[in-house]
Amino acid sequence: MAKVAFLGLGVMGYPMARHLKDKGHEVTVYNRTAAKADRWVSENGGRAAGTPREAAEGQEIVFACVGNDDDLRQVTLGDDGAFHGMGKGTIFVDHTTASAEVARELHAAAKDKGFSFIDAPVSGGQAGAENGVLTVMCGGDAEIYAKVEPAIMSFARASRLMGPAGAGQLTKMINQICIAGVVQGLAEGIHFGKKAGLDIEAVLDVISKGAAGSWQMENRGKTMNQGKFDFGFAVDWMRKDLSIVLNEARKSGASLPLTALVDQFYADVQKMGGNRWDTSSLIARLEK
1 MAKVAFLGLG VMGYPMARHL KDKGHEVTVY NRTAAKADRW VSENGGRAAG TPREAAEGQE
61 IVFACVGNDD DLRQVTLGDD GAFHGMGKGT IFVDHTTASA EVARELHAAA KDKGFSFIDA
121 PVSGGQAGAE NGVLTVMCGG DAEIYAKVEP AIMSFARASR LMGPAGAGQL TKMINQICIA
181 GVVQGLAEGI HFGKKAGLDI EAVLDVISKG AAGSWQMENR GKTMNQGKFD FGFAVDWMRK
241 DLSIVLNEAR KSGASLPLTA LVDQFYADVQ KMGGNRWDTS SLIARLEK
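Number 175 in our numbering belongs to position 175 of the sequence shown; there are no gaps in the numbering.
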């Protein structure tokens with residue numbers, strides 16, 4: 001068991017840190033809103049720190065799951081950032097969905113300071129975090145990844161090293177590209193079926209057994225049909241992720257016409273007031 005810190009107790013980080021504690025790790029937590037860190041400690045034990053630097057001091061592994069590139073730079077390189085408190089030979093594991101650029105930047109900064117960095121974005125949403133069954137895609141050095149994989153598996157059902165620094169973030173971008181296309185296709189299929197007067201639940205039951213079947217159909221098809229969009233991964237977050245994807249595509253020259261289109265469809269959902277609806281709410285713009 002390791003001495004670890006967890007920075008960022010949002011809807012993902014809060015349960016992820018809990019799973020680390022449940023697996024026997026000694027956990028120190030930090031959150032920008034200190035009251036949430038205090039509540040986590042009251043529920044789970046461990047210790048709350050006042051700054052990322054304080055949280056990182058004396059730890060073997062420091063985990064983070066924050067909002068975006070700027071948040072990540074602040075909790076690592078800021079005046080009270082974790083990188084100022086980490087010792088030689090320690091490891092920083094970042095679960096934020098961020099750019100490959102910032103992952104490479106922080107990997108290099110960590111190496112200069114004598115410790116290591118793994119970019120490790122996750123898939124599975126709030127439910128996956130709560131149930132400890134996230135999928136984790138990692139970038140970094142193989143020998144460092146091998147050291148942290150057992151701790152990562154405290155809240156994951158699958159974790160894999162995808163390549164050097166930034167490869168985890170690039171893999172997560174592919175994950176979001178695929179989700180965007182599948183959800184839009186499912187939304188259009190359900191919308192079409194309603195207009196045709198079909199029993200949508202019966203349709204989904206049949207076609208989910210064939211080539212059209214997907215996780216999205218199995219887990220969101222019925223709720224999309226019912227107009228329920230309160231399942232965790234918000235449209236605002238998806239648009240943040242897709243902006244990272246499209247920016248990376250511009251750099252690499254990749255052509256992503258469908259992803260760009262679905263991003264604009266999500267913008268339409270935001271204009272409808274659906275910022276905090278989950279990503280399956282694409283169907284709402286078809287039915288307005």
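It is worth saying that the hints were derived from the structure and are not from the lab. Source: prediction; values computed, not measured. Any given hint could be a false lead.
What the hints assert, rightly or not - Beta-carbon label-pair distances, calculated as ranges:
| id | residue 1 | residue 2 | range |
| --- | --- | --- | --- |
| 1 | Ala211 | Leu246 | 24 to 34 Å |
| 2 | Lys3 | Leu246 | 33 to 43 Å |
| 3 | Glu43 | Arg250 | 41 to 51 Å |
All C-beta atoms, glycine included, are put in the ideal place defined by N, C-alpha and C.
Quick rundown of the hints versus the structure:
1. Taking 24 to 34 Å as the suggested C-beta distance range, the pair Ala211 and Leu246 conforms, at roughly 29 Å.
2. Lys3 and Leu246 have their C-beta atoms about 39 Å apart, which keeps the hinted 33 to 43 Å range intact.
3. Evaluation of the 41 to 51 Å hint for Glu43 and Arg250 yields a pass: the beta carbon distance comes to about 43 Å.
Comparing the model with each earlier hint shows no violations; every hint is respected.
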